[in-house]
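Novice: Read off the chains here:
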Amino acid sequence: MNATRKWILHRVSAVILAPLFVWLYFSFISLSTRDYLEAIYFFKSPIFEIFTITLFIVGFFHAKISLNEIFEDYIHNKKIKDVANILALILSIIVPAVILILLIYKI
Amino acid sequence: MTDNKNPLSPHLQVYRWHVSSLLSITHRISGIINLFALILIFIWLIFLSFGENNYELFLFIINSFIGKFILIGFSWSMSFHILSGIRHLIWDMGYGFEIKTSNISGIIVVISSLAATTIFWLLGRGII
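If you're matching them up, the sequences are chains A and B in order. First residue of the first sequence? That's 1 in my numbering, and the numbers climb one at a time after it. First residue of the second sequence? That's 1001 in my numbering, and the numbers climb one at a time after it.
Some hints here could point you the wrong way.
[What the hints assert, rightly or not] Computed Cβ-Cβ distance ranges for the label pairs, DEER-style:
#1 B:I1066 - A:I94: 26 to 34 angstroms
#2 B:G1051 - A:Y74: 22 to 30 angstroms
#3 A:V15 - B:E1056: 18 to 26 angstroms
#4 B:W1017 - A:K79: 31 to 39 angstroms
#5 A:V15 - B:Y1015: 29 to 37 angstroms
No wet-lab data here; the hints were simulated from the structure. Computed from a predicted model, the values in this text were never measured in an experiment. Just so you know, even glycine gets a beta-carbon here, dropped at the ideal spot from N, CA and C.
Only chain A is shown next, with the shape it has when bound in the complex (with noise of 0.2 angstroms):
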């Protein structure tokens, strides 16, 4: 990916994922007071599981793009540096392939 590509996708990431998130982060707190059933009957509207799954797409995809910034000014070593953004790489796959299978599969 091009650096001009990337920094325009993390500002239109960033866009898409702050309502997002605030709404994610909101529930999750008022669903703390709550029992099981509430914090299931939640997940069971299908735009919020669009929500949800749009959330973590693109929130893991604007944390790698990040961290991969993070790592390019603080690990100097070029082989550290290669291990930690393929650790980035794959923990922004996993986490959002495990959300679409729970939600596909119902909670």
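Since the structure of chain A is provided, determine the placement of chain B on it from the hints.
Specialist: Relative to chain A, chain B alone:
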């Protein structure tokens, strides 16, 4: 990238602190904390999929003193990162680079992130 002997930035321990540098590093740190917040939501969903008995344990942990402390901390890092992100987007559009303006916008970000955290927590927990 070839290795060279040029000085590497950022020198966090070397430079004198300013509003700009302090908020810049806080933006990064809050971003990383947000990654942990997202991972906590991930764990929440995993626990939901494990069924009711295990969920009780999860609720017990997040409603403990330390759990609440972490949840409030996440609320702040989310508020700060988003508000600071908006400040960055305004810079990206080419506005607000004057030192005075950027110091003022930085202070606005800090104060409003604290206010947002308070409102967010009180509303979320159903206290108001």
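Novice: Do the beta carbons of I1066 of chain B and I94 of chain A sit within 26 to 34 angstroms of each other?
Specialist: Given about 27 angstroms between the Cβ atoms, the range holds.
Novice: Kindly confirm whether 31 to 39 angstroms is satisfied by the beta carbon distance between W1017 of chain B and K79 of chain A.
Specialist: With Cβ atoms ~32 angstroms apart, the hint holds.
Novice: Per the hint of 18 to 26 angstroms, is the separation of the Cβ atoms of V15 of chain A and E1056 of chain B within bounds?
Specialist: Since V15 of chain A and E1056 of chain B have Cβ atoms about 38 angstroms apart, the given range 18 to 26 angstroms is violated.
Novice: Determine whether the Cβ-Cβ distance between V15 of chain A and Y1015 of chain B falls within the hinted range of 29 to 37 angstroms.
Specialist: 31 angstroms, holds
Novice: Check the following: the C-beta atoms of G1051 of chain B and Y74 of chain A are separated by a distance inside 22 to 30 angstroms.
Specialist: 41 angstroms, violated
Comparing the model with each earlier hint shows violations of hints 2 and 3; every other hint is respected.
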